[in-house]
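S.K.: Throw the hints in and build the complete structure from the sequences for me.
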Amino acid sequence: MKTLSEVVLAVGRADRVEISRWVELGWVAPQGRRGAEPAFSDLDVARLCLICDLRHDLEVEEEIMPLVLSLLDQVYTLRRQLGALTGAIQEQPDDIRRAILDRLAKPREPRGGGRG
Amino acid sequence: MSEDPYATLGVGREASQDEIKRRYRKLAKELHPDLNPDKEVAERFKQITAAYDLLSDPEKRAKYDRGEIDASGQERPQYQYYRDFAEDPQATRFYTQEGFGDADSLHDLFEGLFGGRGAAEGRRGFRMRARGADVSYSLPISFLEAAKGAKKRVTVADGRTIDLTIPAGVQDRQTLRLKGQGMPGFEGGPPGDAYVEVHIQPHPFFERKNGNIHLELPITLAEAVLGGKVEVPTIDGPVTMTVPKGSNTGTTLRLKGRGIVDPKTGQRGDQYVKLKVMLPKTIDPELEDFVRRWSAEHPYNPRAEMVGA
Numbered sequence: 008m009k010t011l012s013e014v015v016l017a018v019g020r021a022d023r024v025e026i027s028r029w030v031e032l033g034w035v036a037p038q039g040r041r042g043a044e045p046a047f048s049d050l051d052v053a054r055l056c057l058i059c060d061l062r063h064d065l066e067v068e069e070e071i072m073p074l075v076l077s078l079l080d081q082v083y084t085l086r087r088q089l090g091a092l093t094g095a096i097q098e099q100p101d102d103i104r105r106a107i108l109d110r111l112a113k114p115r116e117p118r119g120g121g122r123g
Numbered sequence: 104m105s106e107d108p109y110a111t112l113g114v115g116r117e118a119s120q121d122e123i124k125r126r127y128r129k130l131a132k133e134l135h136p137d138l139n140p141d142k143e144v145a146e147r148f149k150q151i152t153a154a155y156d157l158l159s160d161p162e163k164r165a166k167y168d169r170g171e172i173d174a175s176g177q178e179r180p181q182y183q184y185y186r187d188f189a190e191d192p193q194a195t196r197f198y199t200q201e202g203f204g205d206a207d208s209l210h211d212l213f214e215g216l217f218g219g220r221g222a223a224e225g226r227r228g229f230r231m232r233a234r235g236a237d238v239s240y241s242l243p244i245s246f247l248e249a250a251k252g253a254k255k256r257v258t259v260a261d262g263r264t265i266d267l268t269i270p271a272g273v274q275d276r277q278t279l280r281l282k283g284q285g286m287p288g289f290e291g292g293p294p295g296d297a298y299v300e301v302h303i304q305p306h307p308f309f310e311r312k313n314g315n316i317h318l319e320l321p322i323t324l325a326e327a328v329l330g331g332k333v334e335v336p337t338i339d340g341p342v343t344m345t346v347p348k349g350s351n352t353g354t355t356l357r358l359k360g361r362g363i364v365d366p367k368t369g370q371r372g373d374q375y376v377k378l379k380v381m382l383p384k385t386i387d388p389e390l391e392d393f394v395r396r397w398s399a400e401h402p403y404n405p406r407a408e409m410v411g412a
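If you're matching them up, the sequences are chains A and B in order. For the working numbering, add 7 to where a residue sits in the first sequence, where the first one is 1. For the working numbering, add 103 to where a residue sits in the second sequence, where the first one is 1.
These are calculated hints, taken from the structure and not from any lab test. Even for Gly, the Cβ is constructed at its ideal location relative to N, Cα and C. Check the hints yourself; a few may be wrong.
Here are the in silico distance ranges between beta carbons for each label pair [to be verified]:
1. S77(A) to P293(B): 41 to 51 Å
2. E31(A) to E300(B): 43 to 53 Å
3. I71(A) to E122(B): 23 to 33 Å
4. A165(B) to D22(A): 20 to 30 Å
5. D102(A) to G288(B): 50 to 60 Å
6. D187(B) to R41(A): 21 to 31 Å
7. D160(B) to E68(A): 23 to 33 Å
Here are some chain B residues the structure puts well away from chain A; computed CB gaps all over 10 Å [stated by the list, open to error]:
8. G115
9. Q120
10. E146
11. Y184
12. K251
13. R280
14. E300
15. P305
16. H317
17. A325
18. V333
19. T337
20. G340
21. T355
22. E389
23. H401
Cross-link-like lysine to aspartate or glutamate pairs, in silico, EDC-like; alpha carbons within 16 Å at most [claimed, not checked]:
24. K379(B) to E326(B)
25. K132(B) to E68(A)
26. K132(B) to E66(A)
27. K149(B) to D64(A)
28. K379(B) to E334(B)
29. K163(B) to D107(B)
30. K124(B) to D156(B)
31. K9(A) to D22(A)
32. K251(B) to D373(B)
33. K132(B) to E146(B)
34. K124(B) to E66(A)
35. K251(B) to D365(B)
36. K129(B) to D64(A)
37. K251(B) to D339(B)
38. K132(B) to E143(B)
39. K132(B) to D64(A)
40. K124(B) to D49(A)
M.R.: The structure is reproduced here in structure tokens:
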């Protein structure tokens with residue numbers, strides 16, 4: 008866990024004011040506390056580096072950032088969920104795994120449940 | 104990094120700072136590991152970033168150009184990609200589009216999808232609430248129904264009848280939504296919606312342009328020459344209109360407020376009446392004689408403006 012001052016050093020590409028603003032805007036949400044100060048995890052620091060890349064190098068505008076971050080978060084959430092699902096399938100007996108693979112190999116058939 | 108940073112970015116040695124920046128931005132958009140899930144791009148991104156860090160700093164660039172420093176050691180210290188955290192299956196906390204999530208929400212998601220462990224152990228029945236499907240129909244309506252509004256009773260696919268209110272001024276191909284009139288839901292889920300697309304049938308003499316109605320009105324030779332009161336059909340029934348003396352084919356008169364109500368603004372359009380002078384079906388000898396005598400004494404050339412064209 009890092010304090011804001013430590014984070015400014017670790018990130019190296021954004022100052023205190025800018026990082027505080029990103030926290031205020033909710034782009035980064037440090038969950039830890041050190042005394043009265045927020046404490047940033049490695050996850051938060053990596054996210055700040057990503058925001059630096061997007062804002063400074065790729066020049067994504069501030070109004071567009073919530074959209075970009077939301078889409079990235081959705082992609083990562085889906086990838087995690089897909090990873091968990093894949094893990095759960097791998098723990099299944101062979102015949103079940105085979106049945107799932109066979110089903111995925113077949114072209115998708117329309118599913119029932121409504122007209123129109 | 105030991106490679107030539109100019110080659111890494113694909114720019115010439117004389118490239119301006121601006122060019123270097125543009126080139127880096129273009130490559131970074133393609134290769135940023137958080138925007139491109141391909142694992143192989145990460146190493147390449149690291150290289151272009153190191154090259155950019157060197158060349159984007161005019162001082163460092165000049166030193167490099169003079170051979171005072173080489174390109175090694177420019178990597179950003181401990182460049183850890185957000186992706187490494189965000190995809191870590193061991194992560195117990197992560198960002199979601201709503202804010203923060205913890206690892207348990209995965210379990211909740213799949214329990215919702217599959218009925219979950221509770222169902223397998225018989226503690227809870229399998230439940231899958233789902234909203235019913237939406238259905239769409241197309242509905243032909245007459246010009247006057249569209250112009251003045253109407254109530255229609257339609258029978259939908261599963262045999263139910265729906266009473267549908269067509270608002271006055273509805274547009275051709277406009278879709279009306281009937282909330283909850285689609286297919287029933289499953290396991291207590293809400294029903295879907297019905298969507299009705301209206302198709303307005305053309306009218307034999309009214310024509311609609313935006314909120315206005317256009318109509319061509321045949322008049323007699325006498326009405327054209329002498330003027331007079333004539334009856335004009337409108338969507339609300341016939342009204343009396345005065346044709347001015349000496350009206351010609353093509354003269355357009357306006358009946359204010361006889362058009363179509365705009366459902367959004369409540370304003371009503373006008374009706375435009377374009378006159379069309381009609382000769383009698385047969386030309387009797389009396390008319391023929393009169394016109395022959397009259398035109399000999401009163402010659403005029405309606406095509407004068409066309410001369411020379």
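S.K.: Please go over all the hints and tell whether each is borne out by the structure.
M.R.: Here is what the structure says about each hint:
Taking 41 to 51 Å as the suggested C-beta distance range, the pair S77(A) and P293(B) does not conform, at roughly 27 Å. About 47 Å separates the C-beta atoms of E31(A) and E300(B), a value consistent with the hinted range of 43 to 53 Å. One distance hint, 23 to 33 Å for the beta-carbon pair I71(A) and E122(B), holds here, with the actual separation near 24 Å. Between A165(B) and D22(A), the C-beta spacing of about 26 Å keeps the proposed range 20 to 30 Å intact.
Restraint check, D102(A) to G288(B): a C-beta distance of roughly 35 Å breaks the suggested window 50 to 60 Å. Checked against the hint of 21 to 31 Å, the C-beta distance between D187(B) and R41(A) comes to roughly 24 Å, which is consistent with it. One distance hint, 23 to 33 Å for the beta-carbon pair D160(B) and E68(A), holds here, with the actual separation near 25 Å. Its beta-carbon lying about 21 Å from the closest one in chain A, G115(B) satisfies the requirement of being farther than 10 Å from that chain.
Listed as a non-interface residue, Q120(B) keeps its Cβ farther than 10 Å from every Cβ of chain A; the least gap is roughly 14 Å. The Cβ of E146(B) lies farther than 10 Å from every Cβ of chain A, with a closest approach of about 16 Å, so its non-interface assignment holds. The Cβ of Y184(B) sits about 7 Å from the closest Cβ of chain A, inside the 10 Å cut-off, so the non-interface label is violated. Distance check for K251(B) against chain A: the nearest CB is about 30 Å away, which clears 10 Å, and the non-interface claim stands.
No Cβ of chain A approaches the Cβ of R280(B) within 10 Å, the least distance being about 14 Å, so the stated non-interface status holds. Look at E300(B): its CB is around 13 Å from the nearest CB on chain A, clear of 10 Å, so calling it non-interface holds up. Every beta carbon of chain A lies more than 10 Å from that of P305(B), the smallest distance being close to 28 Å; the non-interface claim holds. The non-interface label for H317(B) is consistent with chain A: the shortest C-beta to C-beta separation is roughly 37 Å, beyond 10 Å.
With a minimum CB-CB distance of about 59 Å to chain A, A325(B) clears the 10 Å threshold, and the non-interface call stands. V333(B), annotated as away from the interface, keeps every beta carbon of chain A farther than 10 Å; the closest lies near 50 Å. Distance to chain A confirms T337(B) as a non-interface residue, since its nearest Cβ pair spans about 39 Å, more than 10 Å. With a closest Cβ-Cβ approach of about 40 Å to chain A, G340(B) is found to remain outside the 10 Å limit, as its non-interface label requires.
Distance to chain A confirms T355(B) as a non-interface residue, since its nearest Cβ pair spans about 46 Å, more than 10 Å. Under the 10 Å C-beta cut-off, the non-interface status given to E389(B) relative to chain A holds; the minimum distance is some 68 Å. Distance check for H401(B) against chain A: the nearest CB is about 70 Å away, which clears 10 Å, and the non-interface claim stands. Restraint check: the Cα-Cα separation between K379(B) and E326(B) comes to about 11 Å, which is no more than 16 Å; the hinted pair holds.
At roughly 14 Å between alpha-carbon atoms, K132(B) and E68(A) fall within 16 Å of each other, so this suggested pair holds. Restraint check for K132(B) and E66(A): satisfied, since their Cα atoms lie roughly 10 Å apart, inside the 16 Å limit. A C-alpha spacing of about 14 Å is found between K149(B) and D64(A), which places the hinted pair at or below 16 Å, so the restraint holds. Among the hinted pairs, K379(B) with E334(B) is consistent with the structure: their alpha-carbon atoms are about 14 Å apart, no more than 16 Å.
A hinted pair counts as satisfied when its Cα atoms are at most 16 Å apart, and K163(B) with D107(B) qualifies at roughly 14 Å. With a C-alpha separation of about 10 Å, the suggested pair K124(B) and D156(B) falls inside the 16 Å cut-off, and the hint holds. Proposed proximity of K9(A) and D22(A) is supported: the alpha carbons are some 15 Å apart, at most 16 Å. The suggested pairing of K251(B) with D373(B) holds, with an alpha-carbon distance near 14 Å, which does not exceed 16 Å.
At most 16 Å may separate the alpha-carbon atoms for a hinted pair to count; K132(B) and E146(B) meet this at roughly 15 Å. Restraint check for K124(B) and E66(A): the C-alpha separation of about 11 Å stays at or below 16 Å, so the hint holds. Distance restraint check for K251(B) and D365(B): the Cα-Cα separation of roughly 11 Å lies within the 16 Å cut-off, and the hinted pair is therefore satisfied. Restraint check: the Cα-Cα separation between K129(B) and D64(A) comes to about 10 Å, which is no more than 16 Å; the hinted pair holds.
This hinted pair checks out: K251(B) and D339(B) have alpha carbons roughly 8 Å apart, not beyond 16 Å. For the proposed pair K132(B) and E143(B), the alpha carbon gap of about 15 Å is at most 16 Å, so the pair holds. For the suggested pair K132(B) and D64(A), the alpha carbons sit about 9 Å apart, so the restraint of at most 16 Å is met. For the hint linking K124(B) to D49(A), the alpha-carbon distance of about 29 Å lies beyond 16 Å, and the restraint is violated.
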